[in-house]
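Following the hints, position chains Z, C, Y and X against chain R.
Line order of the protein sequences matches chains R, Z, C, Y and X. Going by this note's numbering, the letters in the first sequence line up with residues 18 to 520, in that order. Going by this note's numbering, the letters in the second sequence line up with residues 4 to 496, in that order. Going by this note's numbering, the letters in the third sequence line up with residues 12 to 203, in that order. Going by this note's numbering, the letters in the fourth sequence line up with residues 2 to 650, in that order. Going by this note's numbering, the letters in the fifth sequence line up with residues 540 to 641, in that order.
Keep in mind that the hints were calculated from the coordinates and are not lab data. Accuracy of the hints is not assured; some may be wrong.
No farther apart than 30 Å at their CA atoms in a straight line, the calculated lysine-lysine pairs in the DSS-like style are these [what the hints assert, rightly or not]:
| id | chain 1 | residue 1 | chain 2 | residue 2 |
| --- | --- | --- | --- | --- |
| 1 | X | Lys629 | C | Lys44 |
| 2 | Y | Lys385 | Z | Lys439 |
| 3 | Y | Lys182 | Z | Lys295 |
| 4 | X | Lys638 | C | Lys187 |
Now for the letters of each chain:
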Amino acid sequence: MTQLMLQCLLPILIIAFGIVLSLLLIAWRRSQTLILIFTLTIFSVALLASFSLFVNLASDIQVTTLVKVDSYGLFAFMLVLIASIAVSLLSSTWLIHTTEVHDEFFILLQLVVLGAGILVISDHYAALFLGFELLSISLVGLVGYSRDSEFSVETSFKYLVLSACASSFMLLGIAFIYSYSGTLSFTDEPEILTNISNSDSSVGNVFFYRVGFLLFMVGIAFKLSLAPFHLWTPDVYQGAPTPVTLLLATVSKIAMFIVLMKFWFSQAIFVETKSSDENILFLMSIFAIASMLIGNTLALKQQNIKRLLAYSSIAHMGYLLIVLMVISPHSVELAWQSALFYLTAYVLATIAIFMTLQLTQYNHHNTELDVNDWQGMFWQNRSLALLIIVAILSLAGIPLTMGFIGKFYLLNVAVKAQQWWLISVLIIGSGIGLVYYLRIIFVLFSTAIKANNVNEKNNPKELLPLPLTLTPAMNFSVVIIIILSVLLGIFPDLLANFLVKPY
Amino acid sequence: MSITLVMCGLLFGGALAWLLEGIKPQSARWVSLLTVLVIGVYFAIALNSTAYDFSTLQLLVRVAWIPSFHIEYALALDYLSIVLISLTLFLALICVLVSWQEINDKVGFYYFNLLASIAGIVGVFTAVDMFLFFFFWEVMLLPITALIAIWGHEDRHFAAIKFFIFTQVSSLIMLVAIIAMSFIHYQQTGQLSFLYQDWLILDLPLSLTQYLMLGFFIAFAVKLPSVPVHSWLPDAHTQAPTAGSVLLAGVLLKTGAYGLIRFVLQLFPQASLNFAPVAATLGVVSILYGAKMAFAQQDLKRLVAYSSISHMGFVMLALFSFNIIAYQGAILTLVAHGLSSAALFALAGMIYSRIHSRDLNNMGGFWLNTPRMGGFALAFCAAAFGLPGLANFVAEFLSLLGAYQRYPILTIIAAFGLIGSAIYGMVLFQSVFHGKRQVKPQAINDLSARELLVFSSLLTLLIFIGLYPNSLLDFFQSENIKLVLNNTAGVTK
Amino acid sequence: MISALVELNPLQLTFYSAALLAIVASLKVVTSKNTVHALLYLVVSLLAVAVCFYLMGAPFAAGLEVIVYAGAILVLFVFAIMMFGLGQDETLHAPSVDGSKVNQFSLWFGPFLLALLLLIELVYAISSGEIQARLTANTIDAKQVGILLYGPYVLAVEIASFLLLAGLIGGYHYAKPEGVGLDRKNNLGEHG
Amino acid sequence: MTDNMLPLMTETVLAFLPFYPLISFVLLILLGKRLSWRLAASLSIAAMVLSALSSLFVISQLSVDIPVITSHLWTWFTLSLAEGANQTNQSAASININFYLDGLSAVMISVVTGVGLLIHIFAAAYMKADENFSRFMAYMNLFIVAMLILVLADNLVLLYLGWEGVGLCSFLLIGFWYQEKANVLAARKAFIVTRIGDTALAIGLFILFKELGQLTIVDITQNAQLLWVAGDDKAYWITLLLLGGAVGKSAQLPLQTWLPDAMAGPTPVSALIHAATMVTAGVYLIARMNGLFLLAPEVMNYVAWLGAATLLLAGIAALAQSDIKRVLAYSTMSQIGYMMLSLGAGAFSAGVFHLMTHAFFKALLFLTAGAIIVALHHQQSLFKMGGLLKRLPFETALFAVGLVCLMALPGSSGFFSKEAIIAQLWSSDTAGPLLWYCAIFGALLTSIYSCRLFFLAFMGESRFEQNLQPSSSKLLKFSLIALAVLSLIGGVFANIIEMSLAEVFPLDTRIVESDPYWLHSVAIATPFVGIIFSWFYFASYRSKESAASNKNTFIASSSGIATFCRQGLAFDSFYHWLLVKPYCYLAQLNRRDVFDQLLMLNAWYVGLCHDVLKSSQTGKLRWYAAAIGLATFLLLLVLSVDVISTEAS
Amino acid sequence: MIAIPLSHILILASTLFVIGFVGVITRKNTLFILMSLEVMLNAVGVAFIGAGSAWQQADGQVMFILILTLAAAEVALGLALLIQMQRRFKSLDIDLLSKLKG
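If we strip away everything but chain R, and leave its shape as in the complex, we get (with noise of 0.2 Å):
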């Protein structure tokens, strides 16, 4: 371990710190306030320190077997721990509300982030594992947080027994990788290769890679919700808490996302090397188009907002997956920005729609909101309803918004990959996408409900519950947001530029 690598693992050295620290301080003094600021403390340094990094990476950085620094990770990881403050800024607002000192939450909230970004660094099966499960485990904690919900068993109980399956799964491939490689790290040359020069490899043989493959893959998928591993995702991101929800909609996603796209980057040049991977490209594309088409088809007549946006949410790793598609090694760099522009947007958009389902919902004393629960918004809060317009906006991919570039991005890799099926289901996906989004959109601007209960104020129930007034810190931010996406939308060279490496 020289100075380099240590320096090159400060942010999550930070974090790990974070937790630790995190423990004492709840030794010494139980607070709801303290640890909160602790926990952004944390964040915010994290940040600072893969951002100084970030910008002054030199060359991909190898550290131990097990991990491997460079920008692209280190960019994940920023937008992770921008989710994260997201997150514990909402959940803040939330946490008050019941009366129990929720120090588990913050730390369970740490280790999620830890395990995140161990993924977004990892250059080894068991770095991913480990980052995989520590992710997953801590999850399992904060999804069934709220033990007062009545769903709060049932979502942990659904997520730990179907992540462990899936994880299983994904062990097994592993290990079947392994046994047929012999090498856990993603960029060695593989055991198989050097060591036994048998060139007239039969097919089987790849067969069996291919096995180990599908079975890693249906880790990753469950994770990233790629249909047909995606039932679970409504189930949970319904039953947890909001701010939760957001957790596994951004960073669960982000850090697998990059983990998948190293695994499959180093992966694909070798299976290239065996001049075999139509099979493999075949799969990842069934995935794509059937998440494109499952997770839209199924978020179309959709009321809750929540299991909404985790159809959405499937839909959009559909789109996500195209990036994989690059047949040519020189494509991978604009599969990367894509990549990660694209998950900025997403990442961006989904925080924006929590955020205010978050408020909403305090307004409301509903957890369980309905699209229309959000009627005439514009003309109640404007601000707020702007954020949700323009954040729909970008999952739908309408200019204006970074989620047009991100869609702009992916269909050039699509293009220049020449991958016409996966632009038709992609051109398919957002047709179908667009009547739940507009549907949201037209809700914020409708008015006859209202109309409607001008009539019936006697009943206290059906009145819209007061405007929201927000404080001007969440006004600040919102403003903050929609500028930002919009700004983003407008000119995508002010975030593509980071997104090039500069060696």
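Here is chains Z, C, Y and X on its own, set in the frame of chain R:
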């Protein structure tokens, strides 16, 4: 000459209207009226004071926008875009005026959307960087969708979603084609480029261009709209508020035709030539089908909407005839239909504001109370079925005359659309103004001064262009257009 | 088949019988009605697997299997069973479906078929590979493992500790009785 | 100076000629009901007077030296031509707003302005009581504008403008009393049926332009005669399509059905548009394009046959009508049939001459009928009239004059023109003896239905119980008398017409000697035969027998054949079943737009998929886990199937 | 030591894995599901150790140790949830947990 200023001015005016509404409720209308007027005057003055020769495409602005993709902010003008922008600005005025009393809810936001969509449309007509073009193409949809979805009639959400999905899906196909073109540019020159002028000099293999052409074609055919992808239009038109319909019919459909002229035909001459029989057939089918469907409608706005489909069929047929006469006819059709359908939708709006129904069965005998409106309605119906002396006649005549040079049989079939248009025109006019009076006499008033202004300005233009079409056509006589068309024609030989 | 068996040397024979035992015991785990029985079968299965480990040349892993798995983890299960008195049949706690055989059959048949097909595919994949005789079965002792574990894998060990921490905190959060960890201030206040 | 000034002045006068009524139209429309009757009437009549004087002036300038006067107003639009698209070497063809006056158009404008003026005067009196008087006069003026443009147009596009313009005015005037459902439908029918013909005309223009690169009438004639020989295929098709246009406008077979219904309009309208001017536009078109038609003898033959068929059909139909105006309408159809027959036979000037005389006497007939109808409180049924000879002697006399002309009794204007037509049929290349017989039979029919009309309306017992209200307006009487005079002495124009048209039409080179000697006498005798026949056959109509026997006759007239005839040989219902019904049915069938349905099927399908997929979200953990296994299994299967296929290959 | 073919070991691992999986999807009792999960994880361990010895590497055993850690963490969480479930539903029937759906 700054188109950017025009767009920003419109946006700014819209925003101002929105803001000021909170302070003084009635101000939004005046602000937007003033904005459109000022912008229109500015546009006219700026046009006259420039030294450019707009018979060819003149690049006005070219600034790097997204360097990582070599995307530029590039705007250009030629007579085609000038004519269409003028039409847009004129109809903007009409839109502001027809909404004057119709919209009483969220007026400021309404005018913001109206002006924003106009700004977007102006962008579409001027952008020559294809990414920028696509950007405007999409951006203009948002406010229009909002117009439909917020201030529309009973089924507005459905119509808005349908409208948006049709255009969005088709334009995504176009986006794919755009990206593919930029990659071809990359392959041939080693650099990405989205600039239209750069693309014109590309050497494209035919096998590829056919698909690329189709990508563009689909997007524009949906917007035009052409059968069989027209079905968003009746719904959108029917449900939109009057100004929305005016905007949709008057200008938005024109963007599809504009795209066909500027991009499909010019970028892919050979491919479009090969595709022309299909496109022309679609045009003919649109003409007849639109006319037939218009006849079957009971809803006044739906009727007019289908008549738009019929008219746009002429454009499609004319454009894919590769003939200078037909080309002029197509351009004239754009203007003429812009005016006449705008007028008819305005009429529908005025009737709706009086009897709160669009059902033809609830109308009849209006002439008794509203002879002025009836007179104008007659003139506009006559324009719709191509009465000589009004702009539409020259347009259709030129289109068909030119198209006949290339597709005799198709054109003869298309000419039956003239009968169809007479039928629906008669049905439209007579069911509203003739027959027994259906409502109480006091229910309907004749045109107010504002409405009179709207109608008379539209009619004046229709008659002027109808009798003196050279005022427009002179711009499209230039050698340059002939050159392009001859090039396309030359490919055949 | 018989001849093949005869040709096996004692070590191999041991391996295969242990493997068979593990499979049978695992089957009993998932089919057994009684929780405690199932648990005992699980112990058997784990022990049999430990034997296999040993025969594969991984004595350290075999030891861990016995100590940690069969020892520590299963003890947790036992505690859980004892806590709730779950010794009985699961049908006591799950609404019974008349216990009829048809129902039992239909309950099992689908999953069983699915599993069988999955297994066939896996086996097909395994046998299609050229990994048949690669195993040299030299013992990899604890020292090697240790060197590796605290060399290149040192980060993994650290992370594993956090993994356990996560499990611990999560477990604590769920298992703690209602009301534990209430903010003292709030607890004493009006919310109390 | 004056030598130079005069042509310039003539041109200017010609240029403004059609626009006086336009000014009047605009003023009348703008001021509307604010104008008093006197003001509105004088405005519109003044415009007509100006136009009529102008036309007198310009016609007087025509001479052998100046056979043609043209006046250029402005260039309408320019048709650029692709290189080598046609045989001529020009690069663009201008379509101008140009007026072109030669002998033919001189005849036409004199008819239009002259008869138009008289009818305007009549209408001013006739419509005095109508609350929309100024609108009516505005339409009438507008019609005159369009008609003048039609006949003065120097190119076919401008002609088409006038052509459509008169169609629109006809529509407006038929539907003038728009509150009656029947009027509305009649107006619609008139417009749409003629529009069918117009479309044919338009297609004809397209072909013409493609083939010749020209749309100016003079150039077309010249080029066509240069490029094509008689019997040319292109000429055949073009003229056929032009004929289609003419047939529509002139209410000839097979597009004749609109004219009887068009009688729903006020009577001056029927006189002006549906008798004197507009319906003869088709005749004018064919006469105007004679150079082209001569190149297509087959089409000339069709023209003749269509004319003959129409005149017979209309004659038969007229026999059974009960509405006085419908009788006249069918008679108009039949007379135009004569004109067509004449054109088809190559006797262009005879046709045009008949056009003029017909305009006089048919206008007279209609207007007189109008006066009678007003007197009878808008009663139009012949069976409700009778015995008017005594009660309305003035009108009866005028009507008799008209009928005499219609029957072409010697001395009347109709005699000269109709005899001129019949005389040329026998030996024409494109007609022949068979058509001559048709014409003669038609003449017989004409005299029979005229007599029937006269007997029913003016003789016999009065069946109208109420008091009559004959109009005493001097204006009305003046115009009627003027028309009657014109009808009677119209024959004197024969030579003038012959002379002025000599430049326009090719010389008649046929040898008349081959005609049998008895032709003329038969032709002259025919109307008398008809009169004598009717005198006896329709004796009951003029007798003063008991009402009962009359009743029987009327009942008999509603028998099958009579009904068939009355309905214009059932063409209406034939078209109704053949075209209108299927079109309406198709429209109704597909009201919801089959393409839309197909596209929305996708939406429905996606919705269905949503429901299916949604049912997979059962919330059951064990199913979710099983789904993971199932999906893995299936994906493995996909992979292995793929492998097997690669192995095989 | 005598070599045992890697394929046999992997077949053993797969068999155990599939048996565990069947347990997860068939048993209604939550406790059994947790046990079945243990069987699955254990099977993965077998595969890793087999592969490790095949390649003469200790990595397989390291992975096994890590899996062991995971198993421990998982069981801890699972049993805690079990307690929670028992408290709330007075039953361990997994099918009770199907309120979230659609």
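Going through the hints against the structure:
no.	hint	result
1	X:Lys629 - C:Lys44	19 Å, holds
2	Y:Lys385 - Z:Lys439	28 Å, holds
3	Y:Lys182 - Z:Lys295	23 Å, holds
4	X:Lys638 - C:Lys187	24 Å, holds
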